[in-house]
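*Asks:* All letters in the sequence shown, in the order written, are residues 19 to 271 by this note's numbering.
Check the hints yourself; a few may be wrong.
[To be verified] Below are the PhoX-like pairs computed for lysine-lysine, each with C-alpha atoms no more than 25 Å apart in a straight line:
id : residue 1 : residue 2
1  : Lys-98    : Lys-35
2  : Lys-53    : Lys-87
3  : Lys-60    : Lys-34
4  : Lys-154   : Lys-87
5  : Lys-35    : Lys-60
Since the hints were derived computationally from the structure, they do not count as laboratory data.
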Amino acid sequence: MIREGDRVLLIDRRGKKYLVMVSEREFHTDLGILKLGELIGKDYGTSITSHKGEEFRVLKPDINDIIAKMRRGPQIVHPKDAGIIIAYAGISPGDTVIEAGVGSGALTIFLANIVGPSGRVISYEVREDHAEIARKNVELAGFSDRVTIKLKNIYDGIDEESADHIVLDLPQPENVLPHAVEVLRPGGYFVAYTPCMNQVHRFFQAFQEYREEFYKPKVVEVLVREHEVKKECMRPKTTMLAHTGYITFIRKL
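Please put together the full structure from these sequences, using the hints given.
*Replies:* Here's what the structure looks like:
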């Protein structure tokens with residue numbers, strides 16, 4: 019049931035999406051004015067009609083809807099990469115994940131969603147403006163109870179005594195290796211997301227000093243090609259979401 023204060027996803031006949039908070043107010047679109055208060059007490063999947071007679075379907079937003087509509091600052095980690103990070107590292111409900119390079123908070127939201135209310139995501143960020151954007155986006159997603167954003171450089175050290183996983187979106191992830199050795203639990207993953215191959219090479223040069231502490235190094239790149247589905251035919255789309263970054267995984271012994 020939809021309550022006042024809930025965020026809902028409205029979809030018009032063109033497929034355009036709107037993320038709105040339900041209250042006794044009007045919401046203006048080019049297809050007409052919606053009285054959002056009419057949604058209170060109704061179930062998700064219902065419809066609402068504008069003063070022009072245009073119908074909007076009402077759905078409960080998921081984290082992809084929220085991330086698509088949230089405020090952007092720096093470039094985000096895309097869902098294709100976030101999914102691989104979560105799957106390959108085996109991040110699970112109840113885990114404590116240390117993250118650094120929070121940016122706009124997209125990866126933070128994906129991590130908070132998977133660790134659940136019994137888990138924690140502790141995010142380090144050096145830029146106050148990025149941290150503030152991320153805090154607001156995490157609040158929008160409803161995960162403020164399980165996310166802590168610190169204004170601190172993780173290169174200088176990690177405050178926490180232990181963590182299940184460490185996930186970094188930083189230019190020099192190798193600078194965190196000395197701290198990760200002390201904090202990461204046995205079996206936990208150290209994950210580094212970097213856009214350039216020379217960063218991966220530099221990381222593995224530094225990694226040689228810590229080979230006795232980790233095993234199973236792996237580097238992956240995720241490419242996604244969508245397909246057009248029409249009545250007449252199905253074919254790959256002309257454009258695809260190709261390289262965004264390299265993802266490096268090492269596991270603590």
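*Asks:* Indicate, hint by hint, whether the structure satisfies it.
*Replies:* Cross-check of the supplied hints:
Distance hint between Lys-98 and Lys-35 is fulfilled; the C-alpha atoms sit about 21 Å from each other, no more than 25 Å. With a CA separation close to 21 Å, the supplied pair Lys-53 and Lys-87 stays within the 25 Å bound. Using a Cα cut-off of 25 Å, the hinted pair Lys-60 and Lys-34 holds, with the two alpha carbons roughly 22 Å apart. Pair hint Lys-154 plus Lys-87 holds up; C-alpha atoms about 12 Å apart against a cutoff of 25 Å.
Between Lys-35 and Lys-60, the direct Cα distance comes to roughly 19 Å. Compliance with the 25 Å bound is thereby established for this hinted pair.
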